[in-house]
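Novice: Protein chains in written order, with the numbering used here: chain A, 611 to 938; chain B, 611 to 938.
Each hint should be verified, as a subset may be incorrect.
In this list, chains with the same sequence are indistinguishable; a pair is considered to hold if it fits within one copy or across any two.
[To be verified] Taking lysine to aspartate or glutamate pairs in the DMTMM-like style, the calculated list, with each CA pair at most 25 Å apart, reads:
#1 723 with 869
#2 878 with 779
#3 723 with 701
#4 794 with 675
#5 654 with 701
#6 612 with 675
#7 723 with 695
#8 625 with 716
#9 797 with 675
#10 723 with 699
Keep in mind the hints are simulated off the structure, nothing from the lab.
What follows is the residue order along each chain.
2 protein chains.
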Amino acid sequence: MKILVIGAAGMVGRKLVAAFCSRGEVGGRTISALMLVDIIAPDKPDFAGPVTTIAADLSQAGEAEALIAHRPDMIFHLAAIVSGEAEADFDKGYRVNLDGTRLLFDAIRLARKPYFPKLVFTSSIAVFGEPLPDVIGDTQHLTPLTSYGTQKAICELLLADYSRRGFFDGIGIRLPTIVIRPGKPNKAASGFYSSILREPLVGQEAVLPVEESVRHWFASPRAAVGFLLRAAELDTAPLGQIRTLTMPGLSASVGEEIEALRRVAGAKAVKLIRREPDATVAKIVAGWPGNFDASRARALGFAAETSFDEIIRVHIEDELEGRLPELS
Amino acid sequence: MKILVIGAAGMVGRKLVAAFCSRGEVGGRTISALMLVDIIAPDKPDFAGPVTTIAADLSQAGEAEALIAHRPDMIFHLAAIVSGEAEADFDKGYRVNLDGTRLLFDAIRLARKPYFPKLVFTSSIAVFGEPLPDVIGDTQHLTPLTSYGTQKAICELLLADYSRRGFFDGIGIRLPTIVIRPGKPNKAASGFYSSILREPLVGQEAVLPVEESVRHWFASPRAAVGFLLRAAELDTAPLGQIRTLTMPGLSASVGEEIEALRRVAGAKAVKLIRREPDATVAKIVAGWPGNFDASRARALGFAAETSFDEIIRVHIEDELEGRLPELS
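Based on the sequences and whatever the hints tell you, model everything.
Specialist: Shown next as C-alpha cells:
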C-alpha cells in the first residue's frame, strides 16, 4: 500500500510518519512506499521501503494532479495555514485551506478510473463557536468564529459530498488542542497550554496569561497519531453521510493542568509558572469549547488520555527520553 | 437606493421585482434603480426609474466585478442550478452554486472602499438530511444529502465569514418548498406538491406519486417574496454570527393538502387527482424534512401561511385573477 502524507513536515505529520516507519503496516496492510509532501520538503525518515519527499503547494494548479498521478492507496491531508495566519491573511487562508483541499479532492475525482483511495482529513474544533453548551454533543451545529474554522467546516462538507458521490472513501477527524507540543514557545494564543508544562518540566520559567478556571479540550501528540491510524483502518460504512468525527479528549481547567504538573514533577516545577494576565489572550480562549461528548468516536474505537498526568507522562516518554531533570 | 437582483428571471425573482415596481421602496428607502441579472436577460419590468437587464453567468471571471462596479446598495442573490441538475452535473453545480457565489462575494470584498452593501442570499432546507427529528430546531446541524444542499451549506458558511469580516452585511434565508408554483408541470421530484393543486384548480388531471401520509414544509410564492423583503429591511445585528435563518412555513401532509383543495374547490377538483405510485419519487421525498420550529425567524418578523387553504387562495388571487373556473 502506497501512502501519501500532505503536511508531513508538521508536528503531527512527523510523528505519524515515524509511526509508519516503526510499524510498517496500517490496518493490517503492509506499507510499500511513502510519499511525504509539505510546503518545504520533509526530512527523509528511516523507512525500510521507497520514500519520496516533495516540496509542493497544493493550491497551485497541477500540484495535486502530480501527486495523485502516483495513485496512493491512502492519503492523509494534514496541511493547513494555522488559525492566526488565516485570520491575518484572508486570501492565503482561503487559497491554502479551502482551494488547496478542493484541488486535491478534484484531482482524485478526475483521476483515471478505477481509483478509490482512502482519505483522512484533519479538521478542528475551531468549526465550533459561541454560543456553546457546557458539553458539546456530536450533533452540535457548526458556527465557526474564524476564517480558519470556516475553511475547515467547508472542507468537512466537501469531504462528505465527495465521499457520498463515490470519488473517495473520506473520513474527517476534529482534533482537540494538542498538548504538550514539543519545541519552543510560540505566539499562538493556545501556546501557553503547552508552555506552562513543557518549560517547567525542564527547569525553565513559563508565563500563564489566563485564570486557572479556564477550561479546554486536550489530547497528546501521541493520541493524535493514534486517531489518524484508527481513522485509516476504520470501515467508514457506519459513518453514513456524517463523515467527520469529533475526537475524544480530556476536558481540563488550567488549574487541573497545574495540579497534574505538581503530582508528576513537584512543587518546584509549579513555582516556575509566572502569572502574567493578558486580556487579549483571555478573551480569545474564553470563546473556545471546554468539553465534548465525543461518544460517536469513542464507540468507533478512538481513544485519548483520561488525565493530565498521563499527557505529561507521554511527553516525558516521547520527548525527554523518559527522564525528568532534577529541579534545583 | 440601487438594487441588484441576481436570478431575476426565476419564479421568485420575477415576483420580487414586481413587488419592487409596485412598492417603489424597501425598508423605507426609495429604490432609485434596478439591475436585473440572470443567465438569460430578464424581461424589463414596468418600473418608474432606470432598469438595466443583463444576461450574465456569475461563474465566469470578471462578470461579478462588472456588476459590482455599479455599486448596488442592496443585492439579492437568488440564482442557482437546481437540485436535480446539480446532482446530474457535478462540475456545473459546483461552478455555478459555489464558485459563482464566491466570485460575487469576492467582487464585493475587493471593491473600492468604502463599500458595504446589504446582501440577501437564498439558501434551502436541502442543507438538512437524515437522520432528522420530527420538528427541526434552529440549531440543527447541516447534513446535506445532495451536492446542491452541500453547495448551499458552504455558501451559508461563506456568508457568515464574509459578514463577520465586514465585507458586506449578509443574511441568508432557507426557503421552504414553494407551492403553488405557477406554470407547467415539471420533472422535479417535488413537482407534484404544486401539480396536485394547480391542475385540478383549472379542471385538469394531476398525478400523485406518493402516499397521503407524506409530510413536508411549504410556503407560497407570495410568502417567499415577503421573506426577501423582510430580510432586506432587517437589522442584522441580532443575528450575531449565525447569519442564515430557516424561514417559517406550513407543515402539512399530502392528505391535508388534498383536504384543503376539497374545502376551497370542492370534491370535483379532488377527483382530478390520479394516484400513480412512483417508488423513486417516494424514496426521494421520504428523506425530506417534514416540520421546522423556525422560531428564530418568526421572532424576527418573518411570516408564512398557516393553512393550505390560505396557500391555495394566494394562488387563486395571484395567478388566476381571483377566479375559480366552474368545474364540470
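Novice: Each of the hints needs a verdict: does it hold here or not?
Specialist: Okay, the hints, checked on the actual structure:
1. 723 with 869: This pair counts as neither: shortest intra-copy Cα distance 56 Å, inter-copy 52 Å.
2. 878 with 779: Neither: 50 Å inside a chain and 53 Å across chains, both beyond 25 Å.
3. 723 with 701: Between copies only: 17 Å across chains, 33 Å inside a chain, cut-off 25 Å.
4. 794 with 675: So residue 794 and residue 675 fail the 25 Å test inside a copy (35 Å) and across (45 Å) alike.
5. 654 with 701: Answer is neither; intra-copy 31 Å and inter-copy 38 Å both fail.
6. 612 with 675: Within one copy, since 16 Å is at most 25 Å while 44 Å is not.
7. 723 with 695: So residue 723 and residue 695 pass the 25 Å test across copies only (24 Å; inside, 37 Å).
8. 625 with 716: neither (28 Å within a copy, 38 Å between copies)
9. 797 with 675: Classified as neither; 35 Å inside a copy, 37 Å across copies.
10. 723 with 699: The answer is between: 18 Å across copies meets 25 Å, while 37 Å in one copy does not.
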